[in-house]
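Participant: Residue numbers (my numbering), protein chains in the order written: chain G, 1 to 115; chain U, 1 to 115.
Worth flagging that the hints you see were computed from the coordinates, not collected in a lab.
There's no promise every hint is true.
As the list claims (entries may be wrong) - Derived coverage of chain G by chain U (criterion: at least 3 residues anywhere in the stretch with Cβ under 8 Å from a Cβ of chain U; other residues may be distant):
(1) 43–51
(2) 82–92
(3) 105–113
Stated by the list, open to error - Derived DSSO-like pairs (lysine-lysine); straight-line CA-CA distance at most 27 Å:
(4) U:65 / G:41
(5) G:68 / G:41
(6) U:69 / U:17
(7) U:65 / G:3
(8) G:3 / U:69
(9) U:71 / G:41
(10) U:69 / U:18
(11) G:41 / G:56
(12) U:17 / U:57
(13) G:17 / G:56
(14) G:41 / U:57
(15) U:65 / U:18
(16) G:56 / G:3
(17) U:65 / U:17
(18) G:68 / G:3
All C-beta atoms, glycine included, are put in the ideal place defined by N, C-alpha and C.
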Amino acid sequence: ELKVEQNPLFLSMQEGKNYTIYCNYSTTSDRLYWYRQDPGKSLESLFVLLSNGAVKQEGRLMASLDTKARLSTLHITAAVHDLSATYFCAGVPGAGGTSYGKLTFGQGTILTVHP
Amino acid sequence: EAQVTQNPRYLITVTGKKLTVTCSQNMNHEYMSWYRQDPGLGLRQIYYSMNVEVTDKGDVPEGYKVSRKEKRNFPLILESPSPNQTSLYFCASSLEGPGHTDTQYFGPGTRLTVL
Numbered sequence: 001e002l003k004v005e006q007n008p009l010f011l012s013m014q015e016g017k018n019y020t021i022y023c024n025y026s027t028t029s030d031r032l033y034w035y036r037q038d039p040g041k042s043l044e045s046l047f048v049l050l051s052n053g054a055v056k057q058e059g060r061l062m063a064s065l066d067t068k069a070r071l072s073t074l075h076i077t078a079a080v081h082d083l084s085a086t087y088f089c090a091g092v093p094g095a096g097g098t099s100y101g102k103l104t105f106g107q108g109t110i111l112t113v114h115p
Numbered sequence: 001e002a003q004v005t006q007n008p009r010y011l012i013t014v015t016g017k018k019l020t021v022t023c024s025q026n027m028n029h030e031y032m033s034w035y036r037q038d039p040g041l042g043l044r045q046i047y048y049s050m051n052v053e054v055t056d057k058g059d060v061p062e063g064y065k066v067s068r069k070e071k072r073n074f075p076l077i078l079e080s081p082s083p084n085q086t087s088l089y090f091c092a093s094s095l096e097g098p099g100h101t102d103t104q105y106f107g108p109g110t111r112l113t114v115l
């Protein structure tokens, strides 16, 4: 059974600073997703990471995947207030086509960016 | 507009009174899924459907039923709701499913309270 753990769970940042959210998972997973949720809203897809060493960037956010370490990171560069939200990572159990329908989420990281 | 819709958005009910939360998508997606979101637990998958007539359990299926008779609809049924099913529920859909790399689109959520 895949378990996904994020840390930190709460992150308070100053505008302009850099920080990283970590997503560790317990067993083999070859698909890793990052989502954003604004307060009171639904989830929005940010990144899909498909293979070891994959790196995706969008604006001030960059996500990477290390399947050997079972670790994905979401790096925030020069944070701005608009990035305040809850960020989730999620993984698909197994590799090579098994369990294609399942998706296991981490607990979420609540990010608050202060002026 | 491409979207996933859920109804109702808010529901307060009493223990044991059967209810159905509807989910519909207009993107011709094969894959649909239900999640519940509880504070500190992230999202947990209830059921998913890879295509019409094919459904499977997620991590927390107890107390829920689903059916997928048409591609666009995936209702969530609570035959005898209990207070521990008080939660925020999200429906999501994607072209083929999380194991195939495509993006999931989430509905707006249904906030259910069981008294």
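Participant: Does each hint fit the structure? Answer for all of them.
Facilitator: Each hint tested on the structure:
Proximity of the stretch 43–51 of chain G to chain U, defined as three or more residues with a beta carbon under 8 Å from a beta carbon of that chain, is established by the 5 residues found. Against chain U, the stretch 82–92 of chain G contributes 3 residues with a C-beta closer than 8 Å to a partner C-beta. That satisfies the three-residue criterion, and the hint holds. Figure legend: the stretch 105–113 of chain G, annotated as covered by chain U; annotation consistent (4 residues with Cβ-Cβ distances under 8 Å, at least 3 required). Under the criterion of a C-alpha separation no larger than 27 Å, the hint pairing residue 65 of chain U with residue 41 of chain G is consistent with the structure, at around 25 Å.
At roughly 34 Å between alpha-carbon atoms, residue 68 of chain G and residue 41 of chain G are farther apart than 27 Å, so this suggested pair is violated. Distance hint between residue 69 of chain U and residue 17 of chain U is fulfilled; the C-alpha atoms sit about 24 Å from each other, no more than 27 Å. At roughly 24 Å between alpha-carbon atoms, residue 65 of chain U and residue 3 of chain G fall within 27 Å of each other, so this suggested pair holds. The suggested pairing of residue 3 of chain G with residue 69 of chain U is violated, with an alpha-carbon distance near 32 Å, which exceeds 27 Å.
As the CA atoms of residue 71 of chain U and residue 41 of chain G are separated by approximately 25 Å, the hinted pair is consistent with the 27 Å bound. Between the alpha carbons of residue 69 of chain U and residue 18 of chain U the distance comes to roughly 20 Å, so the proposed pair stays at or under 27 Å and holds. Under the criterion of a C-alpha separation no larger than 27 Å, the hint pairing residue 41 of chain G with residue 56 of chain G is consistent with the structure, at around 24 Å. Taking the CA atoms of residue 17 of chain U and residue 57 of chain U, the gap is about 23 Å. The hint holds against a cut of 27 Å.
For the hint pairing residue 17 of chain G with residue 56 of chain G, the CA-to-CA distance comes to about 20 Å; that is within 27 Å, so the pair holds. Under the criterion of a C-alpha separation no larger than 27 Å, the hint pairing residue 41 of chain G with residue 57 of chain U is consistent with the structure, at around 26 Å. Proximity of residue 65 of chain U to residue 18 of chain U is assessed by CA-CA distance (about 11 Å); at most 27 Å being required, the pair is judged to hold. Simply put, residue 56 of chain G and residue 3 of chain G have alpha-carbon atoms about 23 Å apart, close enough for the 27 Å limit, and the pair holds.
Simply put, residue 65 of chain U and residue 17 of chain U have alpha-carbon atoms about 14 Å apart, close enough for the 27 Å limit, and the pair holds. For the suggested pair residue 68 of chain G and residue 3 of chain G, the alpha carbons sit about 16 Å apart, so the restraint of at most 27 Å is met.
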